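> Chains as they are written, first to last, in the working numbering: chain A, 11 to 215; chain B, 80 to 240.
For the record, the hints were derived by calculation from the structure and aren't laboratory data.
Remember, it's a predicted structure, so these values are computed and weren't measured experimentally.
We treat Cβ as the ideally placed atom computed from N, Cα and C, and that holds for glycine.
Treat the hints loosely; a few may be bogus.
Said to hold, decoys possible - With a straight-line Cα cutoff of 25 Å, these simulated BS3-like cross-link-like pairs (lysine-lysine) come out:
id : chain 1 : residue 1 : chain 2 : residue 2
1  : A       : Lys56     : B       : Lys190
2  : B       : Lys138    : B       : Lys190
3  : B       : Lys138    : B       : Lys238
4  : B       : Lys138    : A       : Lys215
5  : A       : Lys56     : A       : Lys100
6  : B       : Lys190    : B       : Lys201
What the hints assert, rightly or not - Over 10 Å on every C-beta distance to chain A, these chain B residues come out as not near it, computed from the model:
id : residue
7  : Cys108
8  : Leu128
9  : Ile204
10 : Glu224
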Amino acid sequence: MPEIVNLRRDQLDALREVGNIGSGNAATALAQFLNRKIDMAVPQAKILPLSDIPGLVGGEEERVMGIYLRVMGRMTGRFLLLIPEKTTLKLLHTLIPGCTVDQPMAMNELERSCLREVGNILAGSFMNALSVLTRTPMLNSLPTMAFDMAGALLDAVIAEMVDVSDHVLMIEASFIDNLENMKMHIFLLPDPDSLGTLLELLGVK
Amino acid sequence: MPVVYPVGMADLRIARNPDVLAAYGVGSCVIVAMYDPKSRIGGLVHIMLPDSSGIEQEKVNPKKFADTGVPLLFQTLSHAGIFRGSIWAKLVGGAEMFPPNEDFSSTIGQKNVEAARLALEKIGIPIMAVEIGGTSGRSLELKLETGMIRVNILGETVKDI
């Protein structure tokens, strides 16, 4: 099992390419779903110490919607979508005609299921691109979702991945809709025991 | 002016009156606070996982696990001059952040709390108060002047424990 902190430059480049292809596909799917243009910040493959994780999306107490899915197949991992509060509300207002919900904690079942669908579409299109790239089927689980402090959602997602290492490998991308000032962040976190498999599939073992 | 020292994941810190120890955005992690009202010295450890057994000893970060982090906090405080007889503990955190579905369920928060309780029992430190479980993240500040912990949960009123 390769140690996360010892990854080589070419391996990190290959993981960044996973981010490019996966989030490119996800951005296209999101643009079609929302029927608007979506810009993407350059995806990154980062090896982060635990201390840097809670502040990833604007501070540990930032109020965000977290949509969380497991990745299943030869490679296993976690897929997390973090959407700031304002964007969460704008997404709902865009997607559901007549929707006027003004706080994520007051969402009804239709609104919740609409956001889960956004998670499904983004994770599905990301993993689909990765399956094609590696010629290996990968699937995402049903999404689960919570609105809370970013730090609290992130610690719950990474806890079981850091039993040995104090670092986490994250493939990260951000989507931006400048017109509506919407922003969201996606993270693919390969499980540490699966990292070797992923690197092998990418041809950079 | 009291200084506020944040304690991040898998970290441990001690301080004394009038300072404040804090942890922000705590989800399934458990914060174990220990405090000695006589010396007004206390500490926090920000635990992520219940149990370090099964992991190669030299790879274990003792501040990350309940079974190692709790005794380490006690030891650190002992060196700092607390009175062992008057020390107590409080627990905050251990939520299950994401609701379970057909593909997903987690009990990590609950396991962290159980392991922290067990570790405290082993070294004989009483638990004075808890703010644990549920499905919401928490932020907290331990004031070393009084040993009071102020807990913040989104959408709820502030609690002092």
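> Now tell me, hint by hint, if it's right for this structure.
Hint check:
For the suggested pair Lys56 of chain A and Lys190 of chain B, the alpha carbons sit about 29 Å apart, so the restraint of at most 25 Å is broken. Straight-line distance between C-alpha atoms of Lys138 of chain B and Lys190 of chain B comes to about 21 Å, which keeps the hinted pair within the 25 Å bound. Pair hint Lys138 of chain B plus Lys238 of chain B does not hold up; C-alpha atoms about 37 Å apart against a cutoff of 25 Å. With a CA separation close to 23 Å, the supplied pair Lys138 of chain B and Lys215 of chain A stays within the 25 Å bound.
The suggested pairing of Lys56 of chain A with Lys100 of chain A is violated, with an alpha-carbon distance near 29 Å, which exceeds 25 Å. With a C-alpha separation of about 16 Å, the suggested pair Lys190 of chain B and Lys201 of chain B falls inside the 25 Å cut-off, and the hint holds. Not every C-beta of chain A lies more than 10 Å from that of Cys108 of chain B, the closest at about 5 Å, which undercuts listing it as non-interface. The non-interface label for Leu128 of chain B is inconsistent with chain A: the shortest C-beta to C-beta separation is roughly 6 Å, within 10 Å.
The claim that Ile204 of chain B lies off the interface holds: its Cβ sits roughly 24 Å from the closest Cβ of chain A, which is beyond the 10 Å cut-off. Even its closest Cβ contact with chain A, about 23 Å, leaves Glu224 of chain B beyond 10 Å, as expected for a residue assigned away from the interface.
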